[in-house]
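Undergrad: Dock chain to chain to rebuild the complex, using the hints, since each chain is given by itself in its own frame.
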Amino acid sequence: MGFPIRRPRFPPLAWRNVIHGGRRSLAALSGAAFALTMVLLQLGFLEAVEITAVNNFDQLDFDVILLSSRYEQFYAPGFLPMERLRQAAGLDSVLATTPLYASFGLWRCPPYPLDSAAGDGETESQTGALGRWLAGSRLRRPLQRRELFVLGFDLDNSPFRSPLREIIDEYRPQLRLTDRVLLNSLSHPDFGWDLRHRFHDWELGKTAVEVVGGFPMMRGFAADSTVICSDENFVKLCEYGSRETINFGLLKVLPDAVGATIARLKSMLPPDVLVYSRAGILKRESDHWVNQTSTGKLFAFGVLVAVVVAAVVVHQVLSNDVREHLPEYATLKAMGYSTARLTGVVVAQSLIYMVLSFAASVVIAAVVYRITAALAGVPMRMTAENLARTLLLAVVVGAATGLLTAYKLRYAEPADLF
Amino acid sequence: MAFGNKVPLAWRNLTESKPRLFASVAGAAFAVTLMFMENGFRNALLDSMVNVIERLDGEMVLVSPTLYTLAAPYSFPLQRLVQAGDFPEIESTSPVYVVTRTGFWRRPDTGEQVRACVIGYPPEDDALDIPELKENRDLWSRPDTAMADLESREDQFGAFEPGMTSEISGRRIEIAGTFSLGINVQTNGNIVMSDRNMMKVFPELDGPSLMDRKVTVGVLQVRPGADLDRLRAGLRAALPPDVRVLTKDQFITQEREFWDKVAPVGTVFLIGVVMGFIVGAMICHQVLHADISDRLSEFATLKAMGYSNAKLLRVVLMQAFYLALLGYGAGLLVSVFLFDWVHRATSLPMDLSRNNPLAILALTMVMCLGSGALAARSLVSVDPAQLFA
Chain C
18 MGFPIRRPRF PPLAWRNVIH GGRRSLAALS GAAFALTMVL LQLGFLEAVE
68 ITAVNNFDQL DFDVILLSSR YEQFYAPGFL PMERLRQAAG LDSVLATTPL
118 YASFGLWRCP PYPLDSAAGD GETESQTGAL GRWLAGSRLR RPLQRRELFV
168 LGFDLDNSPF RSPLREIIDE YRPQLRLTDR VLLNSLSHPD FGWDLRHRFH
218 DWELGKTAVE VVGGFPMMRG FAADSTVICS DENFVKLCEY GSRETINFGL
268 LKVLPDAVGA TIARLKSMLP PDVLVYSRAG ILKRESDHWV NQTSTGKLFA
318 FGVLVAVVVA AVVVHQVLSN DVREHLPEYA TLKAMGYSTA RLTGVVVAQS
368 LIYMVLSFAA SVVIAAVVYR ITAALAGVPM RMTAENLART LLLAVVVGAA
418 TGLLTAYKLR YAEPADLF
Chain V
-9 MAFGNKVPLA WRNLTESKPR LFASVAGAAF AVTLMFMENG FRNALLDSMV
41 NVIERLDGEM VLVSPTLYTL AAPYSFPLQR LVQAGDFPEI ESTSPVYVVT
91 RTGFWRRPDT GEQVRACVIG YPPEDDALDI PELKENRDLW SRPDTAMADL
141 ESREDQFGAF EPGMTSEISG RRIEIAGTFS LGINVQTNGN IVMSDRNMMK
191 VFPELDGPSL MDRKVTVGVL QVRPGADLDR LRAGLRAALP PDVRVLTKDQ
241 FITQEREFWD KVAPVGTVFL IGVVMGFIVG AMICHQVLHA DISDRLSEFA
291 TLKAMGYSNA KLLRVVLMQA FYLALLGYGA GLLVSVFLFD WVHRATSLPM
341 DLSRNNPLAI LALTMVMCLG SGALAARSLV SVDPAQLFA
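Order-wise, the sequence lines are chains C and V.
The C-terminal position of the first sequence is numbered 435 in the working numbering, with every residue numbered one higher than the one before it.
The C-terminal position of the second sequence is numbered 379 in the working numbering, with every residue numbered one higher than the one before it.
In case anyone wonders, no lab produced these hints; they're calculated from the structure.
Check before you lean on any hint, since a few could be wrong.
Stated by the list, open to error - Stretch-level coverage of chain V by chain C, calculated; a stretch enters the list once three of its residues show a Cβ under 8 Å from a Cβ in chain C:
| id | stretch |
| --- | --- |
| 1 | 170 to 181 |
| 2 | 243 to 255 |
| 3 | 269 to 276 |
This one's a predicted model, so the numbers in the text were calculated from it and none came from an experiment.
Built from N, CA and C at the ideal position, the CB exists for glycine as well.
So that you can see chain V by itself, here it is in the shape it has in the complex (with noise of 0.2 Å):
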């Protein structure tokens, strides 16, 4: 087959003309960044409201029936992680108290309160898989300090230093250090301090008898080689019905589906991806109808010289290739600086490879070959006799 010497032809083509291909290829990258920026947006908000739950460092939580997201921590009896404990399975529990409505953290050089999602947890327990927090043990099992999250929205919550001391829902406290986890759509700052803190700090969290204070999330640590779906099974049946027992996986698909499916957000990121998707396809069929209008008569030359018409769509499928493959790697590297430059003012997460670079690059080449095949219909008509008409 001859196929080899197609290559060229379509390469050639596409890069005859250079300020032409720059054009071409520049549509093309803007239709893929639109589509990885409307993909990062709906990522940023779906991933920034799992990011403390990914942090928890273990393989199965309980939780209250009732807590469907963790935006509204509903909490259970201490008393449950306790017997969860006692299975052979488990390694280690550790309670996590959230708090995400009450707790205020007064700005010590305007004096204004922000509100902040305060999460506590006996710090021996490392809790949350954050290497600062680890590390810094020390500093905040003291009576009245707390940990702050350095990625807190800077303009709302002013800058953390470690030794600075303000208050949290009117309690006097001590900054012992910084953090890096992140802001979501629901908080725009996040403090961590330990349990005994947290129950000075918000008595409402602690109950008539320590079995019965509030825990938001309990987590527990299997022992490597457990079976985890025996072992929630064994946890569900020995358990009251007033906890849940989860993996942290369903955990995590649990809270990304409320946010995604049931908040309007979610759908409303969904239709901007959606959208720029068919715009995408508008610019590129756009750029390959143009080139293939203007080549027309080189095409009905072709033709004319004995080329099928499955051959001059060969053609014309391979330029659209190309220029998927020039389009999506001008539009990655656009991308990259977009995704930094959006992550930096809004401290969302925003992770291109969280986005399915592999997926943007295959809707791409839909799209290209696709708005190719539609543009090639017109050289199926074109007759070599026009060129003389």
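This is chain C alone, in the form it adopts within the complex (with noise of 0.2 Å):
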């Protein structure tokens, strides 16, 4: 049979039918715009689980790396001992090597106001996210200690990439200077980095420090801040007795010989350090952050539940909506269309719903990412990805609740109209 060869008409039926609804197209489109917004939404937070995952690596300028055998993820990862990566430089293939130590480390953080006297934390606050989001950096806190993470490195052999490369080119002189450190500008407001020009006590650790600058560093789930210093400071602040602990060990390499100085290194070393690509530590991350926290895991089952959802309310709007048009689609078909051309109108119309509601939730989410960006601080990202996948989720579950109520149009009986 196939269909008639017919002149389509402008604008096709379908799309009349979505235009002649009105208010009630209006009413099914923002269901499922909010239903697709819930799956951006989800998959936005899983995003930005994976974002933060790696983003540390990429501040950092390596193409192998040498972690402790003890390494879980970025905020714990285990030491290993510096003559590890003496060895490794030993290898004609690898360019440069250069240390890097992170530890936990207590800030004092300052009161607000600041010249408020210095509580036992019995008036701790009890606003709610979004009050402290409007208060920001003013909101009333009394003098806290807080944990934040700090990076030390050779400040003549820096591990960085641009653009911490030339923040730090810039404070290179003064980072040289013993307790002098650069606070993360992007830290959790309660670190004080907006009062940083009237607050002059910082303290790290058990270490008076000053705070020479700022650099830009997104935070995560696992910290609220970050610190950046000097290896020497580093070791006198955190107390790690001397440079010869290290925590991570990066390798420059020569481009073409990365994988055989992967398994030179494997073989070479002994078994309490682990050695990765840039590409292998990376998924490795992800991995941790994704599967194998209870953070990564409750995401993913909230887009699992989001998608459930999404699906069932599409369907159900879509499956109205064809409901109400029933006596229109037996009168067409009284007038001779066949089953094959209802089912292409009844498609077409599903697939103009679900791409206008894609459409809402993009706009929707766009303004919902940002939201949540601002209240807790994480980074919200829209992918191409996340978009062409909640756009297939809509336009799978468009066509198939399409076809299957065209597929009860097939029992429309012109007579039951009347």
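TA: The following block contains the structure:
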């Protein structure tokens, strides 16, 4: 049989159905749009976990990395001896090596207002997320100590990539002095970046330090703030004893020798180190955060729940709409439209709904993403993959619902109309 | 009043067509499930963070003033706990040592080292209210033994079996037995050992003298009948400022508040809850709106028969009420299974009863009645004459 070859009318019937629906179409659209927004939002949460997982390594310049055999994730890296880095440097294919020191340290967070008495935390604020965001750094809080992540590195052999590299170049002379640090300018407001010009009694661990400047580094689910300093200062501030115990060994390797170098290092070094390529550690890190932590698992379940709910809602919305138009379809059938042609109209109409809902959901999600990023301080990024996944879901459910309801149309007897 | 006979009309509207009823209830049930799940995720996160604190067997605790979450355990000297024990209102005290960053379990089958939360206290103190730990006190009092949490993530820790030996942070340890505690967002496995074993594995907790040992939480058991507020004030006045005195409830609140309000995870899940409610409300509106527009001609007939707008509205609201009840029931049933599934998949505490089922019922009502009222707007403008247009 097939479709009769006839010049399609413009605009097509399916489109006019949607437009004619008016308010009713709008209700259907908004229902589906919010359901899809939920999917985009949950995908965004999961994406945020991945972004924060690899962000730290993105700031570092290396081809191959040496890690402790106790390495769990960036914020729990374990220790390895500097000797391993020297051993690695002996290989011909290794161009350069540099250590990175990393540890949690206790930061003295300024109170707000600055002149408020040093409470013992009894006056802790009961403000919720929205209130905290509105108040920002002006949230009333007592003097408190909170942990942040401290990174120490060799000033003359900086492991960072641009833009951190340039910032460190700028501050290098000051960072050489004892107890000078750079504070993350994207820190949680409690850490006092905004108060840096008026507050000077910073302490890291048991030592008074001076904040000489700032650098931008995304904060994640594990640390609310970061401080960077020279290796010499790090060893002192974090009580490492000496520079001989490191947390990361970063290697620059000849471009075409990465695989061979990793194989050599693995056979050469004792089992107290792990050796990863750049791609390898990025993969391990995002696997850890997404699949091995409860946070990642909960977000994954969130995506699953949202997808199921969205599929049900979209199906509901579309089948409602078709049912409302049943008499019209029966009329069309009486007029001689074939079932195939009607199916085409119904499926086309479903798809138009889905594409419009998807477009609306992208707009709504863009707003909710911004709200989340502002309130929670996690990076919310709408990636092409997630957009494609959501669109695919919308189209598949749309088409399936269209076909399913069209199947029911086969039994729409024109006589039923009356 | 003829209220009684409106009930059947609304009910019959809802149940007239079985497939339709099924679709409507399914819609509302999914909205309810969505709210339960988002709420459940958030509570699972917060409940899991206080899993250890909730099991501390005492009414009051001493902690370091620095300690803002147990995930970053700061300590105070044992001396303070001994001083607190001199108070007549205090029946007994127990030091609890917690290590979250430097405790590594060496998996015997793969040799991999996995970070665990290690908790230590004198076994005879029963500081943690966990039956398996109390019953097997003699087993794990022996040197170089430990108890392992069965709810630790098996894919990382492997299976724990009594009698197996491996290493904790480089020291040979025999697993004396197992218990059930549960993991959280910060730790994927728990180990409990005696204070003596703890000092051997983590000598950094030991001090120059016994009184300098670095205690993370000092658990105070208060004599029945003592006034907690007065005791707390007395302890605060008597002890130096290097410890904080909290009731157990305050300690739980402090920990939950940190993860709920300061750490980003809590906020993210809160946004999930809010979005879940919005989507749920949209679904209910959709269901009721579709139903009303389908029956517009019947409603117009009723109006022609002399039903006032208020009466029609009442019919719609009753229908929304029934939908809310049915949807809630079905959603609750689905959620029971889903909660169990997520609990088994994540080992996180997914406890339906802690998710304010009544609050969610109230929200469902608000959602359905609100969207019913909104959908009923079209009834006000319905003109009986339209029937024959």
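Undergrad: It remains to establish, for every hint, whether it holds in the given structure.
TA: Here is what the structure says about each hint:
Counting residues of the stretch 170 to 181 of chain V whose CB lies closer than 8 Å to any CB of chain C gives 4, so the stated coverage by that chain holds, three being the minimum. Using a Cβ-Cβ cut-off of 8 Å, 7 residues of the stretch 243 to 255 of chain V lie near chain C, which meets the minimum of three, so the contact claim holds. Under the rule that three or more residues need a Cβ within less than 8 Å of chain C, the assignment of the stretch 269 to 276 of chain V holds, with 5 such residues.
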